[in-house]
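Chemist: Each chain, letter by letter, is given below.
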Amino acid sequence: MNAENISVIKVRELLMVTMPSDPDDPTISALQEKVLNAMERHEAKGVVLDISAVETLDSFFARTISETAQMVTLMGGRTIIAGMRPAVAVTATELGLTLGTVETALNVDRALDMVNKPEKQA
Amino acid sequence: MKSRVNKADRDKSSNRVSGDISSNTELLQRLVNTVKDYAILLLDTEGRVLTWNVGAERIKGWKADEIIGQPISKFYAPEDIEKGKMEQELREAAEKGRFEDESWRVRKDGTRFWANVILTALRDENGKLLGFGKVTRDLTERRQNEERIKKQSLEILEMATVPVVQVWEGIVLVPIIGTLDSQRTQQLMERLLNRVTETGSPVALLDITGVSTIDSQTAQHLIETTSAVRLLGAEVILTGVRPSIAQTLVHLGIDLSNVITRSSLAAGLQRAFNLLNTTVTSIPQNNGGGK
Numbered sequence: 016m017n018a019e020n021i022s023v024i025k026v027r028e029l030l031m032v033t034m035p036s037d038p039d040d041p042t043i044s045a046l047q048e049k050v051l052n053a054m055e056r057h058e059a060k061g062v063v064l065d066i067s068a069v070e071t072l073d074s075f076f077a078r079t080i081s082e083t084a085q086m087v088t089l090m091g092g093r094t095i096i097a098g099m100r101p102a103v104a105v106t107a108t109e110l111g112l113t114l115g116t117v118e119t120a121l122n123v124d125r126a127l128d129m130v131n132k133p134e135k136q137a
Numbered sequence: 670m671k672s673r674v675n676k677a678d679r680d681k682s683s684n685r686v687s688g689d690i691s692s693n694t695e696l697l698q699r700l701v702n703t704v705k706d707y708a709i710l711l712l713d714t715e716g717r718v719l720t721w722n723v724g725a726e727r728i729k730g731w732k733a734d735e736i737i738g739q740p741i742s743k744f745y746a747p748e749d750i751e752k753g754k755m756e757q758e759l760r761e762a763a764e765k766g767r768f769e770d771e772s773w774r775v776r777k778d779g780t781r782f783w784a785n786v787i788l789t790a791l792r793d794e795n796g797k798l799l800g801f802g803k804v805t806r807d808l809t810e811r812r813q814n815e816e817r818i819k820k821q822s823l824e825i826l827e828m829a830t831v832p833v834v835q836v837w838e839g840i841v842l843v844p845i846i847g848t849l850d851s852q853r854t855q856q857l858m859e860r861l862l863n864r865v866t867e868t869g870s871p872v873a874l875l876d877i878t879g880v881s882t883i884d885s886q887t888a889q890h891l892i893e894t895t896s897a898v899r900l901l902g903a904e905v906i907l908t909g910v911r912p913s914i915a916q917t918l919v920h921l922g923i924d925l926s927n928v929i930t931r932s933s934l935a936a937g938l939q940r941a942f943n944l945l946n947t948t949v950t951s952i953p954q955n956n957g958g959g960k
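Protein chains in written order, with our numbering: chain D, 16 to 137; chain R, 670 to 960.
Excised from the complex, chain D in its bound form (with noise of 0.2 Å):
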């Protein structure tokens, strides 16, 4: 899987980004780099981060979302995770990983309703 491939598309004022069912670690390390430098080109309010299509998630995976929402977040944007898999739900949950703040959404229709939506109150 090579990031080139991977679009890092502005729609309005957000970044939206599909993940690859099973992206390797260059890959995601590249994809935070492309995200970071849309976020500064189109001064974007935040990022949907669709995971509809990932089949297993790593630790290095969950790190690398969790860094680059705090990235995010200090360049004034948010960051909004969509269409996690029940299964990957499971594994990460058993496996202790956490995305850290990052905010969740059911799906991309939805997680462009709460960027227009104040953010949750904790």
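It should be emphasised that the hints constitute simulated quantities derived from the structure, not laboratory data.
Careful: at least some of the hints might be erroneous.
[What the hints assert, rightly or not] Each computed SDA-like pair below joins lysine to any residue, with the alpha-carbon atoms no more than 25 Å apart: (1) LYS132/D to ARG812/R; (2) LYS49/D to THR947/R; (3) LYS132/D to GLN939/R; (4) LYS132/D to TRP783/R; (5) LYS132/D to SER926/R; (6) LYS752/R to GLY796/R; (7) LYS132/D to THR950/R; (8) LYS132/D to ALA763/R; (9) LYS60/D to THR71/D; (10) LYS743/R to TRP837/R; (11) LYS132/D to LEU945/R; (12) LYS132/D to VAL928/R; (13) LYS132/D to GLU838/R; (14) LYS132/D to ALA936/R; (15) LYS132/D to PHE942/R; (16) LYS132/D to TRP837/R; (17) LYS60/D to ALA936/R; (18) LYS60/D to GLU904/R; (19) LYS60/D to LEU944/R; (20) LYS132/D to ASN946/R; (21) LYS132/D to GLY802/R; (22) LYS132/D to GLU904/R; (23) LYS132/D to GLY839/R; (24) LYS132/D to ARG940/R; (25) LYS132/D to LYS752/R; (26) LYS132/D to THR868/R; (27) LYS60/D to LYS752/R; (28) LYS132/D to GLY869/R; (29) LYS132/D to LYS743/R; (30) LYS60/D to LEU945/R.
Here the structure of chain D is known, so what remains is to put chain R in place on it, guided by the hints.
Modeler: Chain R in isolation, oriented as in the chain D frame:
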């Protein structure tokens, strides 16, 4: 004395049926031939069929003239023939006098049936092996019934352990009753996550009104379930937190500050409506009469 009584008994019983031994043998022959529910056959020492009855024809599908002289391996599944099951069973019957087995056997048309087979070694007065008697019953139906009952009870058990119901558009509810062990939590998590995804519900209510006591393990399982649901992008509201449960949770030092909790299901539902920006107004009186 003893022998005389025995002799008298024997005389009496044989008189009752018939005084003639050859007539008894003939009756027995007729019984074997006409029994439909059992395949009763005689085998030679090598396991070849010597006699065949109606039951055998009905259960196995072969006619007498097709099968007499053939080895009983004809009734075995190919994988059993390969393992030498027939030879092994005959050897055991010869050694111990008897062999019983329940397994799949094959009919003439190739279909399988679940058979109970009893092999009995037949010997003369000097102990010389003359052959074997074989009685087979078709227990396919009983086995199917047993399997169906097993499957049904498993389903019922599963349903009873963790029902996940959709109570409103966007809200699923799980009433938890009893204690949550690891296995139940596993089931609960899987079913809840699947239902949340299927129904696209952003809110899940976990109602613990039916949980009498809570320990740190149960609480840990609730926290795990909550974080898994959160990963999907839905929110969990823990409802039915009664005073005693609240006390226990604090004394155990369990931190549920990240979870929305409410004392009653009603309050939890209200919170869910808030999260979904849904408002439910009371129904006007004139609609409530049912007319």
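Chemist: Now tell me if each hint is right for this structure.
Modeler: Status of the hints after comparison with the structure:
no. : hint                 : verdict
1   : LYS132/D to ARG812/R : 59 Å, violated
2   : LYS49/D to THR947/R  : 38 Å, violated
3   : LYS132/D to GLN939/R : 20 Å, holds
4   : LYS132/D to TRP783/R : 64 Å, violated
5   : LYS132/D to SER926/R : 23 Å, holds
6   : LYS752/R to GLY796/R : 29 Å, violated
7   : LYS132/D to THR950/R : 24 Å, holds
8   : LYS132/D to ALA763/R : 83 Å, violated
9   : LYS60/D to THR71/D   : 28 Å, violated
10  : LYS743/R to TRP837/R : 61 Å, violated
11  : LYS132/D to LEU945/R : 12 Å, holds
12  : LYS132/D to VAL928/R : 21 Å, holds
13  : LYS132/D to GLU838/R : 20 Å, holds
14  : LYS132/D to ALA936/R : 24 Å, holds
15  : LYS132/D to PHE942/R : 16 Å, holds
16  : LYS132/D to TRP837/R : 22 Å, holds
17  : LYS60/D to ALA936/R  : 34 Å, violated
18  : LYS60/D to GLU904/R  : 23 Å, holds
19  : LYS60/D to LEU944/R  : 23 Å, holds
20  : LYS132/D to ASN946/R : 11 Å, holds
21  : LYS132/D to GLY802/R : 83 Å, violated
22  : LYS132/D to GLU904/R : 16 Å, holds
23  : LYS132/D to GLY839/R : 18 Å, holds
24  : LYS132/D to ARG940/R : 17 Å, holds
25  : LYS132/D to LYS752/R : 70 Å, violated
26  : LYS132/D to THR868/R : 22 Å, holds
27  : LYS60/D to LYS752/R  : 70 Å, violated
28  : LYS132/D to GLY869/R : 19 Å, holds
29  : LYS132/D to LYS743/R : 75 Å, violated
30  : LYS60/D to LEU945/R  : 23 Å, holds
This entry does not satisfy hints 1, 2, 4, 6, 8, 9, 10, 17, 21, 25, 27, 29, going by the numbered hints stated previously.
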